[in-house]
Each structure stands twice: as C-alpha cells, then as structure tokens.
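Trainee: Spelled out from the first residue to the last, the chains are:
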Amino acid sequence: MSDSTSSFISNQVSTPPPGQVSGSTDASQRQQSYNNTNRDEAILSIRSLYKSYYDASILQDINLDINSGDFLVLVGPSGCGKSTLLSCIGGLTDVTSGEIYCKGKDISQLDPAKRDIAMVFQSYALFPNMTVAQNIGFGLEVRKVPAAKRTQKIQQVAEILHLEPLLDRTPAQLSGGQRQRVAMGRALVRDPTLFLFDEPLSNLDAKLRLTMRTEIKHLHQRLGGTMVYVTHDQVEAMTLASKIVVLNQGVIQQFGTPDEVYKRPANTFVAEFMGSPAMNLMQAKVLVEAGDLKIQIQREDEPPIIFSEPAATDALRAFANRSVIVGLRPESISDLPARDPQRSHSVDCRIDYLEGIGSDVYATLKIAGGDVISRLHGDSSVRAGDRQQLHFDLSNISYFDPSSQLRI
Amino acid sequence: MHSTIKRPRYLSYCLYSSLILLAFFVLAPVAWLLLMSLSSPTDLTKVPLQWIPSQWDFSRYAQLLDGDNGSGERFLAAMLNSLIIATSATVIALFAGVLAAYAFSRRNASMLLMFAFLATIMMPPVTYILPLYSAFSDLGILNTKVALIICYCAMLIPFAIWLMKTNIDVLPEEIEQAAMIEGAGTLYTLRKVVLPIILPAIGATAMLSFLTAWDEFFYALIFSSDLSAKTIPVAIADFSAGRVTDFGVIASVGVLASLPPVIVALFFQRFIVSGLVGGSVKG
Chain F
88 MSDSTSSFIS
98 NQVSTPPPGQ
108 VSGSTDASQR
118 QQSYNNTNRD
128 EAILSIRSLY
138 KSYYDASILQ
148 DINLDINSGD
158 FLVLVGPSGC
168 GKSTLLSCIG
178 GLTDVTSGEI
188 YCKGKDISQL
198 DPAKRDIAMV
208 FQSYALFPNM
218 TVAQNIGFGL
228 EVRKVPAAKR
238 TQKIQQVAEI
248 LHLEPLLDRT
258 PAQLSGGQRQ
268 RVAMGRALVR
278 DPTLFLFDEP
288 LSNLDAKLRL
298 TMRTEIKHLH
308 QRLGGTMVYV
318 THDQVEAMTL
328 ASKIVVLNQG
338 VIQQFGTPDE
348 VYKRPANTFV
358 AEFMGSPAMN
368 LMQAKVLVEA
378 GDLKIQIQRE
388 DEPPIIFSEP
398 AATDALRAFA
408 NRSVIVGLRP
418 ESISDLPARD
428 PQRSHSVDCR
438 IDYLEGIGSD
448 VYATLKIAGG
458 DVISRLHGDS
468 SVRAGDRQQL
478 HFDLSNISYF
488 DPSSQLRI
Chain U
-4 MHSTIKRPRY
6 LSYCLYSSLI
16 LLAFFVLAPV
26 AWLLLMSLSS
36 PTDLTKVPLQ
46 WIPSQWDFSR
56 YAQLLDGDNG
66 SGERFLAAML
76 NSLIIATSAT
86 VIALFAGVLA
96 AYAFSRRNAS
106 MLLMFAFLAT
116 IMMPPVTYIL
126 PLYSAFSDLG
136 ILNTKVALII
146 CYCAMLIPFA
156 IWLMKTNIDV
166 LPEEIEQAAM
176 IEGAGTLYTL
186 RKVVLPIILP
196 AIGATAMLSF
206 LTAWDEFFYA
216 LIFSSDLSAK
226 TIPVAIADFS
236 AGRVTDFGVI
246 ASVGVLASLP
256 PVIVALFFQR
266 FIVSGLVGGS
276 VKG
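Just so you know, the protein sequences line up as chains F and U, in that order. For the first sequence, the positions run 88 to 495 when the numbering used here is used. For the second sequence, the positions run -4 to 278 when the numbering used here is used.
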C-alpha cells in the first residue's frame, strides 16, 4: 500500500506533473496542478467543463491535461458521457460552461473547422460521392493545398494504411475494415494538433478489431500524434492508452496511466469496471494487535482469513477496528506462489466452480458472502468442490472506504 | 433468372391485363392528340368520327413553327416565354429551396416558419389574385415575365423546401460533421458533400417544379396580356377562343408544348438513381 491519493477525489482529478508517471500528490498539489503554467504546456487542457441538456447533466466539472504525444483513452459504460466529451473537444457539441485549451488557446467557442483537429467517427462518415483518394484528400483540398502536393500526401498515407490499390474506389465498394482505414487516412493526412477517435473499432468483427487495434498502436508510436480515443472496451483502453480517463455518469472517476488505473483504482467503480474479470471486492475488518495492523476477512463455515499489513498507511490505520473493502485482482489469488514471499499469504479454500479459457482457469470461491474469482494456472487439475491451497499476493492490494467507496 | 418463384397463370393474366389497361388510359389521350393534330378538319368534324385520318396533314406543324406567320409568331413567342419563365422559376426555387431546407434541417430554423411557407400553397390561388394584381400594377410589372417568375417562385419554393428537407433529414449527420472537422465551411460542405448526395432529390424537385410552372394557367392568364409575357397554356386557350375553332391546331400546339417537359424529364431522370449514400457510414 502507498499513501497516495493521486487518483481520485469525488469529481476532481489530479494530474501528475510532466515527467512524473505515477507519483503521489497531496491535496494542495492537486489544487495547483490546474494552474495556467500547466495549461500552456499541455496540448489539450480542459477546465471545469460542464455539459447539460435541459435538466439532464451529461458532464460535470471535467478537468484534465494531456501533453504532446499522449494517447488519452476515455473509457466508461454506455451513457457515461465519453462521446459527448469527445464531441465537445471536436466542437460538434456546444459546452454549457468551462474552457477547452488547445496549445494554450481557448477553443471552446471556436468553429470545428478552425480547431486544427481530425476525427475518426464510429460510423466512419466517409463522403459517398467521392473516391478513396478524394476522401483522404478532402481536408487538403479545403485548405487549397496544390494538387501535386496533395497527391503526394495521399500516396504517403495510402502507403502507411495499405490503401494504394483502393484509391480509385468509392466507399460503397469497400469492406468495413477498409472503410475504417480510409477514415483514419482522412485524419492522418493533415497532421493536425489532435486526433479524435470515437469508438472507431466498434463496428468491426472481433479479429479485425484486434488487428486494427495493433495498427493504431503502431501508428501512434510511429507518427507520434496526440490522440483522444473513446471506447467502452476496457481492454482497448488498457492496451492503447498512455493515459486513461474513467468516466461514470458524467464525472471523471479516475485519470491516470493504465498501470495506475489498473493497480490502484481510485474507487470501487473503477476497480470493478477495469479488468476482466473484475477486481474482487471483499468486506474486511481492520484489527490492531500489538501495534501491528491485521486484516480479517470473514468466511462462512470456515476460519476467517487473517493477514498482517506491514505497509499500512496512516489513512488505513484510521480505520482500526472498523470495516473496509479489500480489493484483489483475480491474478492476485492464484495457485502459484506470489513473486514477493513477504507479501504472500496462503489460504486453504474450497473451489465452487471453474471456468477454463485455455491459458488460465478461473475458479470461483465464496469469501465474505460473495463470489471471489481467482486465476489458476491453465494446467491446474483442480475440480469443482475440491479444496485448494491458494496464494494471496498482497503486493497490489487495494483498500476502499465502505461508506464513500473511495480508495484509502 | 429474375424470379425463381413460379406465379400461377391466372395471376400473370391479371397482371398483364391491368398493365395493358393502365397503358391504354395513359397513352390513349396522347395518341388521340397526335391523331387530331395530323387529321384534316373535315375528318375531325365528320359524323361518325373518322378515327384514322384519310390523309396525313402536317401543315399545322409547319404553320406553327414558321415565325413569319400569325399563329406561328404567337406560338413561338409563347413557347419562349414559357421556357424562360419556367426555367428561371425552377432555378431560383431550387437555389432558395436547398439553402432553406438545409437551414430547417440542420440549423434549427423555426418549424413554424416552414409550416407558414407550406400554408401559403394550401390557399387557393384566386385569393391572391387581387392583392397581387394591384401590387404588380403599382410596381409596373404587369404583363412582364418577371411578374410570373415571382408568382411561380412563391408557389415552388415552399414545395421545394419541403421535398429537400425530407431528403436532407435522412442523411447521416456525421458526414457533414466530418466535412466541418476537415475544415470545410457550411457552403463548401453543402456544395461538395450534401448536394452531390441529394442529387436525386434535386432532380426530382427540378422536374416537378418545371412541370408545375410550365403548366400553370391561372396567374398567367390574369397577369399577361400580349406576346411579351403570354405562356403556352394561355396561348393554347387563345387558339381555341376564336369564332371558328380548329381543333387540329390546338392539338398540334398541345403536342409541341408537351415536348419541353418530356425533354426535361428525360434529362433529369438520370439523376434519379438510388443508392448514392451507399458505403458512407457503417455497412
């Protein structure tokens, strides 16, 4: 455990200062992290952005900064406001209040055409009356780039995206994946300040989605653009992002690197949303024995699980003799011993049922009245109803306050 | 190859006889018009009627297409007037209609205004005649083509807006948003993206507008008095207003007057193809 509160305070978020990836910031630093210096350095800064339709509040107090070359992924369940936020950045939706700074300039009231951004739509939104080449070159034509230069740039982009043989076709003659590529080509050809992606892979089949995901990742590494990417798929978020924003009901739940969001979720919502299967959340009690902090998790008809917490923070100590929620990822409850023997705790458990996925076996057990999923090795020969010695890896354990659901 | 499902024989008979009946209803008047225009006056007045002319008489066409001759001059002038007026009104109506329809469809222009426009064409034209007459008279444009162009625009624009709006409404909005993000302004987007996609609708609207303006009789009758503004429907009426009516002449004028709309229809028909939006959004 660490003393960090870096990630989450109700609907405020903190941004690690440039260069610091997963550092810890206290409350006062958090306040300071949204000053003007940061705003001027960042490629995209959003300050207290609100959006509501009539009485319905879609986005509330959105604050974030991203730097040049960042790959920001907005992730959240359906209707959380992630697409609206992207649309606000793109200028397709008016903001109710707040500012959006691009390279230090407030663009929130600017026409989309003047924002120097490119967008890849979920529906691709290709121009049906134009060929692939014309589609890609549209933005250049608007900007009156000379024909020779235009052709050259279209060729370059077509090469990157393997579209050369298709340049003279119309969108109607393309497959879904090819249309997707053309839509990306249209964005890439202009070299804008910011790329926006609105669930670009959601209309593709599973295999193509994987290929395109890898391709987008490669493109980002190769071209180094700054990207804002919306998805509801948390695997996509984890693999693509350099920064993740987890949204729920229009409020930022956590803003951090994929590692932070995964290992140190800011609240129980993020803990359960990110990762598949979700993080196991268990009711537990904090005990103090001779100055040592011990965590006790009750089990039905079986002795409770008790382990000591040597790395306890002051915040956790404040919960002495009170309940907390313990969060452990399925891979932290395994039949294999933990990497750090100091932080490993073995428990004899009864396996309720099993789900094999080839590489791993997910075993479900009952702890503290709820289902807990543990990840066993794929070759595990354990059967439903068997007892098995499981190793709890406590190095990435999370604690949450049961009343506020926030990380302790 | 066309249909793998076998139709019962009686159904085929029904279908084909209905088709023949329909074709007869549509084509018989046109055929009769053609026959009349080519029959001699004696054949046309014979009792019982001589259906097939005893001799083919092309003299009326020669007469009508000869500008030096009295009826030829009247006819050709009316044709030219009709062409100028119908074309101008159609072009203006399309131009205004597309822009207005875009405003109603995408820029949240008040729907109340739209219904107000539509309400104007619900009223019978006769209610407008008096105020329009005095207004045109004050402006000094009675018996000019401009007066008729204004009238026809007022008739066509609401209709054009309505047709276009329905067609713009169904376009995926992302396509325009994509154009705007790419840096295009509204007019550029309209010209390069929206117009090409709704070309079929524009073709249909142009055709209907042209026909409406070409065939309009009432305003033309009231607001024109001589060759400078008279349109073809009024000219046809004039030919029949003499003491001795030659039905053959009227028929010939009718045949000639229906040629321009037919040509327009053939020309615009190639725009009216479906499936232009194919492939733009997810498939």
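Don't take every hint at face value.
[Stated by the list, open to error] No farther apart than 30 Å at their CA atoms in a straight line, the calculated lysine-lysine pairs in the DSS-like style are these:
1) F:K294 to F:K231
2) U:K41 to F:K240
3) F:K381 to F:K350
4) F:K294 to F:K201
5) F:K304 to F:K294
6) F:K294 to F:K192
7) U:K41 to F:K201
8) U:K187 to F:K231
9) F:K236 to U:K187
Hints were generated in silico from the structure; no laboratory data involved.
Trainee: Each hint: holds or not?
Mentor: Verification of the supplied hints:
no. : hint             : result
1   : F:K294 to F:K231 : violated (39 Å)
2   : U:K41 to F:K240  : violated (79 Å)
3   : F:K381 to F:K350 : holds (21 Å)
4   : F:K294 to F:K201 : violated (37 Å)
5   : F:K304 to F:K294 : holds (16 Å)
6   : F:K294 to F:K192 : violated (41 Å)
7   : U:K41 to F:K201  : violated (78 Å)
8   : U:K187 to F:K231 : holds (14 Å)
9   : F:K236 to U:K187 : holds (21 Å)
Of the numbered hints given earlier, the model fails hints 1, 2, 4, 6, 7; all others are met.
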